[in-house]
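Chemist: Following the hints, put chain B in place on chain A, whose structure we already have.
Chains as they are written, first to last, in our numbering: chain A, 130 to 337; chain B, 130 to 337.
FYI, nobody ran anything at the bench for these hints, they're computed from the structure.
Just so you know, not all the hints are guaranteed correct.
Identical copies go unnamed one by one, so any copy, or any two together, can satisfy a pair.
Claimed, not checked - Calculated lysine-lysine pairs in the BS3-like style (CA-CA distance at most 27 angstroms, straight line):
1. Lys-180 - Lys-144
2. Lys-186 - Lys-258
3. Lys-152 - Lys-281
4. Lys-152 - Lys-186
5. Lys-152 - Lys-180
6. Lys-199 - Lys-272
7. Lys-144 - Lys-199
8. Lys-311 - Lys-258
9. Lys-311 - Lys-281
10. Lys-311 - Lys-186
11. Lys-199 - Lys-281
12. Lys-144 - Lys-272
13. Lys-180 - Lys-258
14. Lys-186 - Lys-199
15. Lys-152 - Lys-258
16. Lys-186 - Lys-281
17. Lys-186 - Lys-144
There are 2 protein chains.
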Amino acid sequence: MPRPKEFNPDDAIEKAMQVFWHKGYEATSMEDLLSAMDLNRGSLYDTFGDKRQLFLKVMDRYCTNFVGLKFSLLNQPGPAIPALRRFIHGMIESSLGDPQRRGCLIANTVMELAPHENEIAGTLRQALKMAEDTFFQVLARAKQQGELMENKDPRALARFLTTMLQGTIVMIKSGASADAVKQTVETALSILDSADMFRPSIERSFDT
Amino acid sequence: MPRPKEFNPDDAIEKAMQVFWHKGYEATSMEDLLSAMDLNRGSLYDTFGDKRQLFLKVMDRYCTNFVGLKFSLLNQPGPAIPALRRFIHGMIESSLGDPQRRGCLIANTVMELAPHENEIAGTLRQALKMAEDTFFQVLARAKQQGELMENKDPRALARFLTTMLQGTIVMIKSGASADAVKQTVETALSILDSADMFRPSIERSFDT
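Okay, chain A solo, but in the shape it has when bound (with noise of 0.2 angstroms):
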């Protein structure tokens, strides 16, 4: 009777996630995987495959746990723009308060990997998909609520804010101040919000 595996399998992915997350994924080794793991070989290939095969169930992992439980916060009811605003005031802060700043694992791995390794890559794209379709589902319902006006297009915000978070992850990495991070994602945000200040005032002058 072969030996019981003794090592939890979540455990182990969780360990190969923080180690792509620090290093990347070419510079991680077999060792580094191994020692963060706690495993020997035969049993590492044995229950995830190769190096490459490992990753993409960390991405998958990753995709579930960092991205769509997270983004699922935003699908309940109630006032919608508040609740996008915390949830992306929450992102970067949580992005700031890393020590290392490590980013986000998909927005490091599409820079360093893409286009040379399609099905990481599509990976990732449809995660940034759910991003934006998530966006944008909180965006439609705030138009609906009257909380957004009628001339903004929840598609091209959606697609806006997604771009402007991953844009917020590169300059987070390189090293940005914490305030000027916080102010851009303030510049960003106004967006979603500039217009409503003048609309007493246009309101007014149809009025008059």
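Modeler: This is chain B only, laid out in the frame that chain A set:
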């Protein structure tokens, strides 16, 4: 008498840049570099040092030619906002037009190597600061020339545009459609003038 060098160091650095840009830093081997630069190992080490030192020289070249030269076009007199729009559209078009969608060497490297490569991260921070400062100068000029509303902050907008460009490059590398990218850029640029469309109404309402 030693055999004179038969290669042009400028051309060799240009060739090394293409390899790093396509493959990323870690995935580029000395063999890749020797083959692309058409050098033997001795000439490469004598002239450029090791892979890391060569990469720092490549970064310098990229910052001067691809970033510095392009950005210097923004400092010419004349209407500032149209020049800024043309510049940003030009950057995006050229990035979308690259069949390999390699993105920006600077952003790629930030994402791959920061936070564990301080000297390289420093070069990148400098390049991003140069971009931000150039945007700031153009936007300050726009404000002086009455092209930007009084309530707009040129420094905040400069940081916003720098961040936005980085995010756009992540999206381009991830395989986003050209239409989606262009729509996002238009949405972002609307921040420069979004309030202006309401100006006449406000002035009218003040006049009444």
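Chemist: Using 27 angstroms as the alpha-carbon threshold, which applies to Lys-152 and Lys-281: within, between, both, or neither?
Modeler: Neither. Shortest intra-copy (40 angstroms) and inter-copy (40 angstroms) distances fail the 27 angstroms Cα cut-off.
Chemist: 27 angstroms Cα cut-off: does Lys-199 pair with Lys-272 within a copy, between copies, both or neither?
Modeler: within (22 angstroms within a copy, 40 angstroms between copies)
Chemist: With 27 angstroms as the alpha-carbon cut-off, assign the pair Lys-186 and Lys-144 to within, between, both or neither.
Modeler: within (12 angstroms within a copy, 35 angstroms between copies)
Chemist: If the cutoff is 27 angstroms on CA atoms, where do Lys-152 and Lys-180 land: within, between, both or neither? Let me know, please.
Modeler: both (14 angstroms within a copy, 18 angstroms between copies)
Chemist: At most 27 angstroms between alpha carbons: which applies to Lys-180 and Lys-258, within, between, both or neither?
Modeler: within (26 angstroms within a copy, 36 angstroms between copies)
Chemist: For Lys-186 and Lys-199, with the copy left unspecified, which applies at a CA distance of at most 27 angstroms: within, between, both, or neither?
Modeler: Close inside one copy (19 angstroms), not across copies (41 angstroms); limit 27 angstroms.
Chemist: When Cα atoms must be at most 27 angstroms apart, do Lys-152 and Lys-186 count as within-copy, between-copy, both, or neither?
Modeler: both (17 angstroms within a copy, 23 angstroms between copies)
Chemist: Using 27 angstroms as the alpha-carbon threshold, which applies to Lys-144 and Lys-272: within, between, both, or neither?
Modeler: neither (42 angstroms within a copy, 51 angstroms between copies)
Chemist: With identical chains treated as interchangeable, where does the CA-CA distance between Lys-311 and Lys-281 reach 27 angstroms or less: within a copy, between copies, both, or neither?
Modeler: both (23 angstroms within a copy, 16 angstroms between copies)
Chemist: Checking Lys-186 and Lys-258: alpha-carbon separation at most 27 angstroms within a copy, between copies, both or neither?
Modeler: This pair counts as within: shortest intra-copy Cα distance 19 angstroms, inter-copy 37 angstroms.
Chemist: What label fits Lys-199 with Lys-281 when the C-alpha limit is 27 angstroms: within, between, both, or neither?
Modeler: within (25 angstroms within a copy, 33 angstroms between copies)
Chemist: Within a copy, between copies, both or neither: where do Lys-180 and Lys-144 come within 27 angstroms Cα-Cα?
Modeler: Within one copy, since 13 angstroms is at most 27 angstroms while 30 angstroms is not.
Of the numbered hints given earlier, the model fails hints 3, 10, 12 and 16; all others are met.
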